[in-house]
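S.K.: Once you've looked at the hints, go ahead and assemble the two chains, each given alone in its own frame, into the complex.
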Amino acid sequence: MLTQIITFLIFVAVIGCILYGRRLIRTEKVDAVFGNPERALGGTHWVIVGSSFLLLIWLYYSWDIAKGFYPKSANELCQVAKVNDSLLGLKYQFPIEEREFKSTSQIKKENKNLKLILEEIQNSQKIDNQQKIVLTGFINKTNQLIPLLTNEDLIENETKQRISDITGKINLLTENFQKPDYPFETEKELNERLKAVSEEGGWGIVKVQSGTGSIENTMEVPLIPATDRGLKFHAAAQELNLISDEFFKLRNHNPQFKSQIKQLKDNIKSYRKGLNDSEEVASTYAKNIVKIARRIEFASIYPPNALNKMQNAIVKFDDAQIKAQGGLRFIDILLFPAGTIVASGPSCSEQGSGRWLPKPSDTFNKFILMSKPSVGYKDIPLLWIDMVDVSKMIGFILPDWIADILPGDYPVHTKDGLVKENFKGKVLKIVTGDFNLFKVPVPYGHIWDSFLRVFLGLVFGILIGVPLGLFMGLNRFAKGFFDPLIELYRPVPPLAWAPLIISVLGIDNTGKVFLLFMVSLSIMIISARAGASGTQLSKIHAAHSLGASKKQILRYVIFPNSLPEILTGIRVAVGMCWGTLVAAEFLAGTTGIGFVENVAKKYFQYEVIWITIFIMGMLGLLFDITLRKIIDKTIPWRGKG
Amino acid sequence: MSDLVSENLNMIFKTPKGETVHALKDLNFTLKKGELLTVLGPSGCGKTTLLNITAGFIRPTSGVITLNKKEIDGPGVERGMVFQQGALFEWLTVAENVNFGLRMKKEDPIKTAKKVDEWLDIVGLKGFGNTPTYQLSGGMQQRVALARCLINDPDLILMDEPLGALDALTREKMQSLVLKIWKETGKTIILITHSVEEALLLGERLYVMAPRPGRIHKEYNLPFASMGLNEDLREIKKNKDFSAKREEILEMIWNMEEEIMGKDV
Chain X
2 MLTQIITFLI FVAVIGCILY GRRLIRTEKV DAVFGNPERA LGGTHWVIVG
52 SSFLLLIWLY YSWDIAKGFY PKSANELCQV AKVNDSLLGL KYQFPIEERE
102 FKSTSQIKKE NKNLKLILEE IQNSQKIDNQ QKIVLTGFIN KTNQLIPLLT
152 NEDLIENETK QRISDITGKI NLLTENFQKP DYPFETEKEL NERLKAVSEE
202 GGWGIVKVQS GTGSIENTME VPLIPATDRG LKFHAAAQEL NLISDEFFKL
252 RNHNPQFKSQ IKQLKDNIKS YRKGLNDSEE VASTYAKNIV KIARRIEFAS
302 IYPPNALNKM QNAIVKFDDA QIKAQGGLRF IDILLFPAGT IVASGPSCSE
352 QGSGRWLPKP SDTFNKFILM SKPSVGYKDI PLLWIDMVDV SKMIGFILPD
402 WIADILPGDY PVHTKDGLVK ENFKGKVLKI VTGDFNLFKV PVPYGHIWDS
452 FLRVFLGLVF GILIGVPLGL FMGLNRFAKG FFDPLIELYR PVPPLAWAPL
502 IISVLGIDNT GKVFLLFMVS LSIMIISARA GASGTQLSKI HAAHSLGASK
552 KQILRYVIFP NSLPEILTGI RVAVGMCWGT LVAAEFLAGT TGIGFVENVA
602 KKYFQYEVIW ITIFIMGMLG LLFDITLRKI IDKTIPWRGK G
Chain A
13 MSDLVSENLN MIFKTPKGET VHALKDLNFT LKKGELLTVL GPSGCGKTTL
63 LNITAGFIRP TSGVITLNKK EIDGPGVERG MVFQQGALFE WLTVAENVNF
113 GLRMKKEDPI KTAKKVDEWL DIVGLKGFGN TPTYQLSGGM QQRVALARCL
163 INDPDLILMD EPLGALDALT REKMQSLVLK IWKETGKTII LITHSVEEAL
213 LLGERLYVMA PRPGRIHKEY NLPFASMGLN EDLREIKKNK DFSAKREEIL
263 EMIWNMEEEI MGKDV
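As given, the protein sequences belong to chains X and A, one line each in that order. Counting from 2, one number per residue, gives the positions in the first sequence under my numbering. Counting from 13, one number per residue, gives the positions in the second sequence under my numbering.
Hints were generated in silico from the structure; no laboratory data involved. Misleading hints may appear alongside valid ones.
To be verified - Cut-off 30 angstroms, straight-line C-alpha distance, at most; resulting in silico cross-link-like pairs (DSSO-like, lysine-lysine): (1) A:Lys81 to X:Lys551; (2) A:Lys82 to X:Lys552; (3) A:Lys123 to X:Lys552; (4) X:Lys634 to A:Lys118; (5) X:Lys133 to X:Lys288; (6) A:Lys26 to X:Lys480; (7) X:Lys552 to A:Lys126; (8) X:Lys440 to X:Lys373; (9) X:Lys274 to X:Lys288; (10) X:Lys92 to X:Lys180; (11) A:Lys123 to A:Lys138; (12) X:Lys110 to X:Lys266; (13) X:Lys603 to X:Lys379; (14) X:Lys113 to X:Lys103; (15) A:Lys127 to X:Lys634; (16) X:Lys634 to A:Lys126; (17) A:Lys29 to X:Lys480; (18) A:Lys195 to X:Lys551; (19) X:Lys634 to A:Lys138; (20) A:Lys117 to X:Lys552; (21) X:Lys263 to X:Lys127; (22) A:Lys26 to X:Lys634; (23) X:Lys551 to A:Lys126; (24) X:Lys103 to X:Lys161; (25) A:Lys252 to X:Lys551; (26) A:Lys118 to X:Lys552; (27) A:Lys249 to X:Lys551; (28) X:Lys551 to A:Lys117; (29) X:Lys552 to A:Lys81; (30) X:Lys551 to A:Lys82; (31) X:Lys634 to A:Lys82; (32) X:Lys551 to A:Lys127; (33) X:Lys127 to X:Lys250; (34) X:Lys552 to A:Lys127; (35) A:Lys199 to X:Lys551.
What the hints assert, rightly or not - So, partial list: chain A residues that the calculated Cβ filter (under 10 angstroms) puts toward chain X: (36) Ala67; (37) Gly68; (38) Gly86; (39) Gly98; (40) Leu114.
Quick caveat, the model's predicted, so the values are computed rather than measured. Beta carbons: idealized from backbone N, C-alpha and C, even for Gly.
So here's chain A without its partners, still in its complex pose (with noise of 0.2 angstroms):
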């Protein structure tokens, strides 16, 4: 049982004026694993502080998550995170840059140097392994993050709006190579999105959270992912049941986008 589980968990930031934001509020949950869980929210409403309380960047202020029953209290390998600008380490290739957390662990330079092979095969960049990576586009280098996180094979996969800055074109291709990616590895992951039709697309299961106090407004469970593995996305898109969910998420999020509006006035 290799169980994300949240229990009661609470943060709290205090801002330079002296205000409490209360970023997430008494947040219960449990990711099983395998599962691909995508989490939506108008912006403010702890997404990202979810995520970070995750990765273990931050401590949430009580309350406690477990990854496969042991408490997070820090960064680690078995958690992997792609952010939404890949954070790709300039100075090195692209076989550098996958071949970094390997390199880190001290392993075998020729072991690594196959492995890395494989995983740029895998996310579609076989050949550009001596290329320096401000000469790709944005789409390769979500590519190479994506390969980056997953050679060191972790438990859980975080991603923070990792095809946010990328255009339409290629914004579908990354998603079909997410999906590939999370059927052939059966890894758990966690993707915060600000798009409902990505949210519904990858899927199994949905959160969508609401602000002020960041908490978890509704959970879908959803069929579109393990459709995708076979369909064509577009062909999902014109689902009628995909469009009555989407159209009744977009509601909500307007209603509440409204709401703060509402209390800001």
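Bound conformation, chain X alone (with noise of 0.2 angstroms):
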């Protein structure tokens, strides 16, 4: 249902923006020429229609349009694969989609590779005379068996009877198919059948078992017939299976066939016999001319005419299914882009594009279903809201040698078994955290601790690498010292050290952190750095003769001279932290983002991945807006100066 809003909302917003665009250009009274920038201001219309755009590729490829519109041509679509299938095998026997009859090239194929055996036993040295007459015999022998199976004459009546059953049966399949209340179900059935098709469930997300933390109950396309239309071909498809079985159990042995393969059989068996072991190449070609003989014995081969009326009744038939699909085909062709349903078969799933790409409305529903805290992911919510007693967090900051440098004892039990506590001993309570407070909320869950390493690390490295490259940009000891240990470190791809400091560190919050410290110290430095020489030297000399002392020129000249290079440098620092992270995430590590796309991946949960897709770049878009708009209110001088 949403989906077809949404696209209608889409058709109706690209139309009526398109329009606005046209009327805009015939009215615009401003005629920049082209080249002038001008002429790219504005155009919020034309943002609606490229995103319009983006979702509508998005609807159609995911086939949500197709769910959205048709949501029961998946499933019908699935049972026409089924009679597709069934009807598959009989079809290959006549030049239906194939080039020609099955029993000729099959007849082409073997006498082929007589043809070549005979040539290789001519041919060979390791046989001798005596023993190529008799396998050139042995050849000539199958090749006869072929007329035995081709001659109409040699046909028996009771195999002619069969064959006119199983076309008798296709034909009242057909006539039964086309009539409306085939399969002529009894209530009891149909009761039955919608009763497993409501377990079954539809297309897309139906079931969430939020109990087990679980999310991994998606259908793809739904196999139980749910439509009268689907039942039709269901049932027209397993009784094609029991037709198309009795064909192929089928043989077309004449007793003049049956005598002589028997014959040839049991002379190549004591010819085989007879050899010794020096002759085994003879013995192989023997072993080889009746591996085709069986072939040609267990082939549906028959013929030229005996199959007609068979042939006219399964393209009757044929006809008549395609007839009965009717806008189904079409759904199949438009819809469902990039693959087909029907082409993946009877086991009925979805591939081609709707299969890694999963629909807008399936990957909304789970991102609502993971946003709950009671589900989350791996039972840890996405970002939620925990009360910690602030005791527990006092006693977190506090280091615990506070009480140990007290003098005194710690309390220890006396005779009867009891602790008397003592100052000493309360502290440690206090240090340790032991005690109870009001609680106060804090966040966790995934995103909130991809988005506090990220923060902890970026608060490290300005910390540190701001003073620090201010010092080097205006030190000649600072820049020669420290130069060379960042200039070591810095060219190394943040990557590469993420292996080290994750075994050293260890796979939680520390490793992480410290990697991105790493990230965006040498980047605030270098910033810092370039903004502290980079001040112009004509403000410094103001400074110096307004009175200003060389620690206040540092505060209140060249800091704020160098806050826009510092500012551009916590921006790349972001995205560069950002990125870095999730790749560090994915390397180990039981929480984060990152860590959700990675299990996500290996379980094929493309919902998942495209969820987690978004919730990276929505964070980093909050990042680099939230630093934009940082950046224009502390300086607004910029580039102005």
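M.R.: Shown next, in the form of structure tokens:
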């Protein structure tokens, strides 16, 4: 429903915006010449058109339009696929989709094989003439088997009868199939089927097992026929399976053929028995000849016109089932781009873009589901709030040795088994957080973890990098001393450090924060250094003659003067940190957005993968917009001084 | 006696190529309190070097320069400086820029705010206190630079081509302002300029400097600055005496430039 409304709205928006754009062009008073950048100003309506197209492509290629407008179509096409599959074996016997009869191509193939083996035997140096004659005799005998099968006069009446039985069955099926109430389902059957359908669920996300925290319950295409049309195809497919089984069990073996082949087999068998170990080559040739004979025996080779009626019946049924498909064929072609359900066969799965591109509606549903703190991902919510006692934080921040360095001893239990608390013990309780205070909400979850890592890495990088960078921009010693260190580690891609740092500092926050600190540190140092060394000399001179001390010049002139560079550096560092973090979470970890994506990848949860991509994009955008706002607010003079 | 006294001032630079450049040679002069000195000369004659030494940004190779009998060995509040481009702190507003010196001295912000208002009024920027400096025109920026320098009450004001980047009209207005401030505050001023007219108009005394080595070529005592305090500056420019002096100095500088060109060829 939602998909339909959105698709409709998109069309309205696109048409409206295009009309608006046309009118704007016509009524444009300011005729800016080509090349004037003013011509590119504005154009929100084209933004709407652009994003609408993007959404439309998503809706279309993820097959969500098909799902939204024809929710039953996938299930019905699945039934069509079953019929196609059942029909395939029979169809291949005739030049319906192939170029020639199966019998013809089989004969051609075996003739060719026999010819090859004959040439090989005649050219072989390893067998003597005597054996060559015997083997050539076998080949001729095998060759003579084929006319016994293809001669119309030799075909048995019983075989003829059974072929006409099968043809009759196909014709009956065709006749029944065209009746509206086929397959004559009873009310009980109908109820059972509908119950099974509702148990199986629909196309897309249907059921949520929030208790287990897993959301691996998206259905691709439901198998059980849900509609009358689908049922028709389903029933026909079952009948066709039986018919085709019956046909393939049938053998066109007349008594002459049977005796011939038995004789041939016996001859070859006794010949091979008579050979000694040194004549293995001849034995192998004989074995290959018997293989070809067996293939001829079990191939469905019939005289040229014997199956004509059956072919007609199959073509008729095929026409009937294609006619019964009606609009379904066009839905399959038009609304299932880059792959079809029918092509996936009776197993009925989404193939092509429908497989790896999740439907917007499903993705949205899953996102809502994952956003619920009780579901989350791997038992951890994406972003939620936990009530944490302040005492825990105090205990975390205060180091335990505060209690240790106090004079006196910790309390020891008395003879009566009681423990009398003393001052030192009380202090220990405070520094370890073993007391109750009020609780405050603290965010946690995958998104928060990733955010916090980036934030901490950045903050540490800024706190150390900016002063160091300024110092390096102003002081020869600092520049010379720290330059080798920084230039040695900076050019290394941060991810190259990741395995080392993660194995030394652990897969939890410490390692990642340190990695991000390394990333942001070098960027902050370089930008702060560039800012400091880029200060105009006249400004520093002015500050000197206005009586500013060295410290004041650093604080009030050089620092604000390098702010644009520093803030640009922070913006770059955020991007770099974000990229590095996700990759580091891929590498190792138990929480974080990158971790979620990595796990989703292992289970082919395409929706989750796309959700994580979306979250990362949004967070990156959020960081950037915030920073842009900060930059606009704090350094409005940038580029204007 | 708050005189600026220069004794045998020498400044020798070494270029990266190893050549020595005699920027200033045996400079001797005395500037009395309240005098307005303009310095004129072709480029490369050491005007800016002289100013930088006076401000204390660089040390002379030899010789001594004293202000109030105290040797100059570094920048100080008693010598205010106005730069060609204003050198304003664009992260501060007009008022904050003017207030900068007092803030560095950690003076009471309430008192300094009053003082800043007064000075903004004097330089004609009343009501612009909260404007960011990057929104000001070139002339207004120079007014801020002047006020910022003067609020510190320096004994000596050094101006390095302060009006060089301004258009003709603004320039004339600023010249009047400089004269007005000079008269009202009685400060000693050294003003470096490229413009002969400006040097004649503003200078009570005028040094024409010559290059290679940098030295004082000729010294003038001029009446025009005192006249400018009462008269319209444009009227002074029509003065015959003024025109004659201008032609004389222009020719002098032309000859110097030709001499340099000849040397180069």
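S.K.: Determine for every hint whether it applies to the structure shown.
M.R.: Structure-based check of each hint:
1. A:Lys81 to X:Lys551: holds, 26 angstroms
2. A:Lys82 to X:Lys552: holds, 25 angstroms
3. A:Lys123 to X:Lys552: With a Cα-Cα distance of about 24 angstroms, the restraint between Lys123 of chain A and Lys552 of chain X holds, given a limit of 30 angstroms.
4. X:Lys634 to A:Lys118: Since the Cα atoms of Lys634 of chain X and Lys118 of chain A sit roughly 27 angstroms apart, the hinted pair holds (cutoff 30 angstroms).
5. X:Lys133 to X:Lys288: Judged against 30 angstroms, a Cα distance of about 14 angstroms means the pair holds.
6. A:Lys26 to X:Lys480: Since the Cα atoms of Lys26 of chain A and Lys480 of chain X sit roughly 25 angstroms apart, the hinted pair holds (cutoff 30 angstroms).
7. X:Lys552 to A:Lys126: Status holds; Cα separation ~27 angstroms.
8. X:Lys440 to X:Lys373: holds, 23 angstroms
9. X:Lys274 to X:Lys288: Holds, because 11 angstroms separates the two Cα atoms, which is no more than 30 angstroms.
10. X:Lys92 to X:Lys180: Answer holds: Lys92 of chain X to Lys180 of chain X is near 23 angstroms, not above 30 angstroms.
11. A:Lys123 to A:Lys138: holds, 17 angstroms
12. X:Lys110 to X:Lys266: holds, 21 angstroms
13. X:Lys603 to X:Lys379: holds, 13 angstroms
14. X:Lys113 to X:Lys103: holds, 15 angstroms
15. A:Lys127 to X:Lys634: The given pair, whose Cα atoms are some 29 angstroms apart, holds under the 30 angstroms limit.
16. X:Lys634 to A:Lys126: holds, 28 angstroms
17. A:Lys29 to X:Lys480: holds, 26 angstroms
18. A:Lys195 to X:Lys551: Judged against 30 angstroms, a Cα distance of about 34 angstroms means the pair is violated.
19. X:Lys634 to A:Lys138: holds, 26 angstroms
20. A:Lys117 to X:Lys552: Holds - the C-alpha atoms of Lys552 of chain X and Lys117 of chain A are around 13 angstroms apart, at most 30 angstroms.
21. X:Lys263 to X:Lys127: Holds, at roughly 29 angstroms.
22. A:Lys26 to X:Lys634: Judged against 30 angstroms, a Cα distance of about 46 angstroms means the pair is violated.
23. X:Lys551 to A:Lys126: It holds: about 27 angstroms lies between the C-alpha atoms, which stays within 30 angstroms.
24. X:Lys103 to X:Lys161: holds, 18 angstroms
25. A:Lys252 to X:Lys551: violated, 51 angstroms
26. A:Lys118 to X:Lys552: Given pair Lys118 of chain A, Lys552 of chain X holds - Cα atoms ~14 angstroms apart, limit 30 angstroms.
27. A:Lys249 to X:Lys551: violated, 45 angstroms
28. X:Lys551 to A:Lys117: holds, 13 angstroms
29. X:Lys552 to A:Lys81: holds, 29 angstroms
30. X:Lys551 to A:Lys82: Since the Cα atoms of Lys551 of chain X and Lys82 of chain A sit roughly 22 angstroms apart, the hinted pair holds (cutoff 30 angstroms).
31. X:Lys634 to A:Lys82: Since the Cα atoms of Lys634 of chain X and Lys82 of chain A sit roughly 46 angstroms apart, the hinted pair is violated (cutoff 30 angstroms).
32. X:Lys551 to A:Lys127: Holds, at about 25 angstroms.
33. X:Lys127 to X:Lys250: violated, 41 angstroms
34. X:Lys552 to A:Lys127: The given pair, whose Cα atoms are some 25 angstroms apart, holds under the 30 angstroms limit.
35. A:Lys199 to X:Lys551: This hinted pair holds, its Cα atoms lying about 27 angstroms apart.
36. Ala67: With a minimum Cβ separation of about 6 angstroms from chain X (threshold 10 angstroms), the hint on Ala67 of chain A holds.
37. Gly68: holds, 8 angstroms
38. Gly86: Because about 8 angstroms separates Gly86 of chain A from the closest Cβ in chain X, which is inside the 10 angstroms limit, the hint holds.
39. Gly98: holds, 9 angstroms
40. Leu114: holds, 9 angstroms
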